[in-house]
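Here the numbering used here is used: the first residue of the sequence shown is 1, the next is one more, and so on.
If you're looking for bench data, these hints aren't it; they were derived computationally from the structure. The structure displayed is predicted, hence computed values, not measured ones. Heads up, a few of these hints could be off.
Computed spacing ranges between beta-carbons, pair by pair [unchecked claim]:
id, residue 1, residue 2, range
1, I72, P148, 40 to 46 angstroms
2, Q216, G288, 44 to 50 angstroms
3, F214, L74, 31 to 37 angstroms
Here a beta-carbon is modelled for each residue, glycine too, at the ideal position from N, C-alpha and C.
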Amino acid sequence: MDRKFSIYMFIAMTIWAGSWVSGKLISTGSLHFQFIFWRFLITSICYMIILYINNKNNPDSEGLWRIFKNPILLILLLLSALALVGYNAMFILGLTSGLAGKGGVIVTTLNPLIGFILGTLIYRNKFSAKTWTGMIIGLIGGIILVEPWKYSIDQLIDGGNLIFVAAAGFWAFLTALGHKIQKDISLWEFNFLIYTVAIFLTIPFIWNKNIFLFEQYTSGFWINTLYLAVMAGTIAGGMYFHASKIIGSAKAGSFTFIVPGMALLFSFLFLNEIPESSTIIGGTMAVGAVYIINMKN
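Could you put together the complete structure from these sequences and hints?
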């Protein structure tokens, strides 16, 4: 894989690791669905601006109207938007009852594993022994980061942890759909459409929330929402889905093995969630897994 491309993905994963801290700060309040609405709206606007600039530079482009002529594509886009809403809802609900560091570990360790399973079932992908070796190393690294030996069975199946598992499933499903859809439309069209549809899907949850009562929002709310919408949603999200188009959803998902260690580090720096020595071991294994999966034969 191109070194420049790998650097872009590392930057994207670092931004996503920071999103767990911002998400935790948002989750301590009571404006959960308000946050999801504003995040989707701001991210949609960002992609709309990018689309406008892109179409202005490409006057021969047919625009978005051609998409409405393809009913199968519309169904896939709707499913993608539903997965996006599901992921964000699980993201916030999980952080409300769990630790940001642990949530980042659970979701980003399971995401590539579920992605590989979906890739095998949906696209009938066949992976090399090298790839499976990297996956196993990444899984072991994730298990070490979670430190299951410190918890009882009841704690391990705690509601918050199960919510994080659901979040990983939603994201892996979204990644697999994104890989398929981007064969027919551009990255920017895909992201703009799913975030725009997601806005409307959140309306039933914010109907009585006084969404435009701006006095209820603090400066911290807007700072974290902007970080998650612009940095994580637009910049890092754009890099990630671009990767899934080029190298496939499974290999793109493997880069999320980098996130757990970074999420634990940021949680320590900003939330005082103290990491253990296992963080270094598990984090190193996770990064090693990404290298093995993506290195050239």
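Tested hints:
The supplied range of 40 to 46 angstroms is met by I72 and P148, whose beta-carbon atoms lie about 42 angstroms from each other. One distance hint, 44 to 50 angstroms for the beta-carbon pair Q216 and G288, holds here, with the actual separation near 45 angstroms. The given range of 31 to 37 angstroms is respected by F214 and L74, whose C-beta atoms sit roughly 34 angstroms from each other.
The structure fails none of the hints (numbered hints given earlier).
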